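**Q** Full structure from sequences and hints, please.
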Amino acid sequence: MTTQTETEKQTTIAVLVDNEPGVLARVIGLFSGRGYNIESLTVAEVDTQEGLSRITIVTSGTPMVIEQIKAQLERLVPVHKVCDLTMDGAYVDRELALVKVKSTGEARVESLRVAEIFRARVVDSTSESFVFEIVGDTGKLDAFINLMEPLGLMDVSRTGVAAIARGARPL
Amino acid sequence: MADDQMNGSQILLKALEEQGVDVIFGYPGGAVLPIYDEIFKQDAIRHILVRHEQGAMHAAEGYARSTGKVGVVLVTSGPGATNTVTGLTDALMDSIPVVCLTGQVPTHLIGNDAFQEADITGITRPCTKHNYLVKDVNALARTVHEAFYVARSGRPGPVLVDLPKDVMTAMGDYTPVSRVTHRTYKPRMKGDINLIRRAVDIMAAAKRPILYCGGGIINSGPAASQLLTEFVRLTGFPCTLTVMGLGAFPASDPLYLGMLGMHGTYEANLAMHGCDVMVAIGARFDDRITGRLADFSPNSTKIHIDIDPSSINKNVPVDVGIVGDVGHVLEDMIKVWKAEQASPDQKALAEWWKSIDRWRARDCLRYENSTKVIKPQYALQRLYELTKDRDDVYITTEVGQHQMWAAQHYRFDKPNHWMTSGGLGTMGYGLPAAMGVQVAHPKALVIDIAGEASVIMNIQEMSTIAQYRLPVKVFILNNEYMGMVRQWQELLYGGRYAESYMDSLPDFVKLAEAFQAVGLRATKPDEVDDVIREMIETDRAVIADIRVDKLENCFPMIPSGAAHNEMLLGPGDEAETPVAEEGMVLV
Ligand SMILES: Cc1cc2nc3c(=O)[nH]c(=O)nc-3n(C[C@H](O)[C@H](O)[C@H](O)COP(=O)(O)OP(=O)(O)OC[C@H]3O[C@@H](n4cnc5c(N)ncnc54)[C@H](O)[C@@H]3O)c2cc1C
Ligand SMILES: Cc1ncc(C[n+]2csc(CCOP(=O)(O)OP(=O)(O)O)c2C)c(N)n1
Ligand SMILES: [Mg+2]
Chain A
0 MTTQTETEKQ
10 TTIAVLVDNE
20 PGVLARVIGL
30 FSGRGYNIES
40 LTVAEVDTQE
50 GLSRITIVTS
60 GTPMVIEQIK
70 AQLERLVPVH
80 KVCDLTMDGA
90 YVDRELALVK
100 VKSTGEARVE
110 SLRVAEIFRA
120 RVVDSTSESF
130 VFEIVGDTGK
140 LDAFINLMEP
150 LGLMDVSRTG
160 VAAIARGARP
170 L
Chain E
65 MADDQMNGSQ
75 ILLKALEEQG
85 VDVIFGYPGG
95 AVLPIYDEIF
105 KQDAIRHILV
115 RHEQGAMHAA
125 EGYARSTGKV
135 GVVLVTSGPG
145 ATNTVTGLTD
155 ALMDSIPVVC
165 LTGQVPTHLI
175 GNDAFQEADI
185 TGITRPCTKH
195 NYLVKDVNAL
205 ARTVHEAFYV
215 ARSGRPGPVL
225 VDLPKDVMTA
235 MGDYTPVSRV
245 THRTYKPRMK
255 GDINLIRRAV
265 DIMAAAKRPI
275 LYCGGGIINS
285 GPAASQLLTE
295 FVRLTGFPCT
305 LTVMGLGAFP
315 ASDPLYLGML
325 GMHGTYEANL
335 AMHGCDVMVA
345 IGARFDDRIT
355 GRLADFSPNS
365 TKIHIDIDPS
375 SINKNVPVDV
385 GIVGDVGHVL
395 EDMIKVWKAE
405 QASPDQKALA
415 EWWKSIDRWR
425 ARDCLRYENS
435 TKVIKPQYAL
445 QRLYELTKDR
455 DDVYITTEVG
465 QHQMWAAQHY
475 RFDKPNHWMT
485 SGGLGTMGYG
495 LPAAMGVQVA
505 HPKALVIDIA
515 GEASVIMNIQ
525 EMSTIAQYRL
535 PVKVFILNNE
545 YMGMVRQWQE
555 LLYGGRYAES
565 YMDSLPDFVK
575 LAEAFQAVGL
585 RATKPDEVDD
595 VIREMIETDR
605 AVIADIRVDK
615 LENCFPMIPS
625 GAAHNEMLLG
635 PGDEAETPVA
645 EEGMVLV
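Chains as they are written, first to last, in our numbering: chain A, 0 to 170; chain E, 65 to 651.
Check the hints yourself; a few may be wrong.
Said to hold, decoys possible - Straight-line alpha carbon distances no greater than 25 Å define the calculated BS3-like cross-link-like pairs of lysine-lysine that follow:
| hint | chain 1 | residue 1 | chain 2 | residue 2 |
| --- | --- | --- | --- | --- |
| 1 | E | Lys250 | A | Lys69 |
| 2 | E | Lys199 | E | Lys78 |
| 3 | A | Lys8 | E | Lys378 |
| 4 | A | Lys69 | E | Lys254 |
Don't read these hints as lab results, they were simulated from the structure.
A quick note: this is a predicted structure, and the numbers were derived from the prediction, not measured.
**A** Structure follows, in structure tokens:
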């Protein structure tokens, strides 16, 4: 008698896993094999002593699909913990991008001005190019990159989202 | 080097011994020669030499399903390993605990496209519950113990351990099982007692309840079947079983409605459709069960008990999901039911049973018998009648019409006596599975109910059966067609039988003889009993070629994409019910 709501929503999930060979392939294979979306995926070792890595996944789906994704992740043998940051309350998410812009004259000055507004830093510069480093949530990075487009955007490298719950509680 | 060091192969065998392994199904090759050399030197573990690695996998599945223990397979690298993929997938779909040990090229050659190298952990990642590549001999024993633990715990499944040749010859230390605990994998056994109470309250208020039970009960072990039987009788609720669940509740009990689903009984499917409370116990709402999802049991409150949280709310949203082992949960449920002196509305229940009895009166498994041709259903009924008084009968099947007729007409009162490929539907499963069952139960009557097309897919295992003098019986319902395919072509594709006729079949009697088995044949109904009797009395392997009606269809049938109350009951029904467009794309 349960009725399901069919609306898709974006969800950020943090997964703590054993840092062992193949673990990332297992997670990615799970998403591709079952047809789930991956909007962003970030992974790095976070505890060298215990050999634990943290994977942050941004995905979207109906509530039933999101529940299924979490249950499927929990079932993987090397997974310690799965946490739905979107559902569990407030969290901070950040992404870093390196943005290369090639321009001269007015456009070059304008790109610097925009960078200042977005608090992007210049981390490399030549007479005809800049590399900006920008940190923020995904929306901020998207906006910055969009503004750079007409100003000589050459290359973008993004890290994907890292996220953590607000407050004192650990994962 | 400490005195108690051993080489990798010795460590492996010691770990297997400590895990209680008594038999391995395997096939040698270059990468596993060091292991075979150690097998040669010991006699604690028996090795059964199969004729194809897929056969080893299904044999291990049959062994596992009939004993409740973990089945073990050992194969070489490359082609030996890739030949296990179908069996691994089969075991994953049906939740069968198997540990598959594969040889691998030496660690320094991995990634070099070395001779007989295959990235088997990469290939099998999606078709195993978990897999390991062992690169350090000192991690070997722990990994093997972990593999067995993962294979049998929680929702069981296949686990693969890839063993590079140099690791198997290197010297290292043994880690006993007592020193191995798993860091992350700890499935929940006990169900949440508050949810169990809620479930009991809902059941106690039910007017039209049904218990829909599946393979999870068999996975949990014979105690769970006992508890289920107790619970069904305590509540007086009707009980139906999936193909995978057959035997979990006695088929002879009047509370049993038969199998449900695509080829299930009229009464079971209509009860599922019309119930007000459904309790799914160790069953996973497979599409063969639900039919068209939007019309699946539209007016019921649903309770689901499953050890795997991902099974709950996967296909069908439920109202109460209880994560835990069915044995544990049923035990608590019985306690709560008794403590609360739950007493459902007897009048409503009696009304419900009255409806069910009306549906039963349709006698949906009835068929037109004949005195001229052998009806496949008749052959199976006779097989059942002539074997039902023994308590050591194990039935395996291949895949197709014969499988569904076997599920409908052979009646099981106990768990672990029925092995079939449900989830993957693997033709070629039944013969090697029967072989595995017979290895585990040497004196039992093990029968592979087969189709002539399927059995050819792993017919080479007749040679293994000959070598170990396994008295396996192959009961072929020979309709000269891939009958299940032909049936769909008849019902859905205007009778255009594209490539479903089995031309140039072997003479199965001569084939039996070529494999040192006994070949029997029945072509008329009055020969069936004699052939069955002779088959049972023969203490060697037998192939019985039962020539059945070529064009018989398996009914009842819910066409794919249809709802439970849109069932085809027999030949007369065919014309009236066109299959909808959406249904045509489903399998
Ligand atoms: C040609 C063909 C036709 C078929 N037609 C039908 C049909 O008409 N009817 C039918 O029923 N099937 C049919 N099948 C089989 C079908 O495809 C599925 O395999 C079957 O329905 C699944 O059975 P199940 O739900 O019992 O699940 P299983 O595959 O047996 O899964 C067991 C479930 O129990 C859970 N579990 C495991 N261990 C435990 C435990 N200890 N405690 C609690 N839960 C546990 C698992 O997590 C899982 O969810 C057909 C197959 C073929 C090949
Ligand atoms: C390995 C494999 N290939 C193809 C199929 C598709 N398939 C399902 S049933 C069937 C026909 C089986 O024929 P047979 O063994 O003679 O059994 P029958 O239906 O005639 O009883 C086929 C081809 C399958 N299930 N497995
Ligand atoms: Mg056939």
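**Q** A separate judgement is required for each hint: does it hold in the structure or not?
**A** Checked hints:
no.: 1; hint: E:Lys250 with A:Lys69; in the structure: holds, 16 Å
no.: 2; hint: E:Lys199 with E:Lys78; in the structure: holds, 18 Å
no.: 3; hint: A:Lys8 with E:Lys378; in the structure: holds, 18 Å
no.: 4; hint: A:Lys69 with E:Lys254; in the structure: holds, 21 Å
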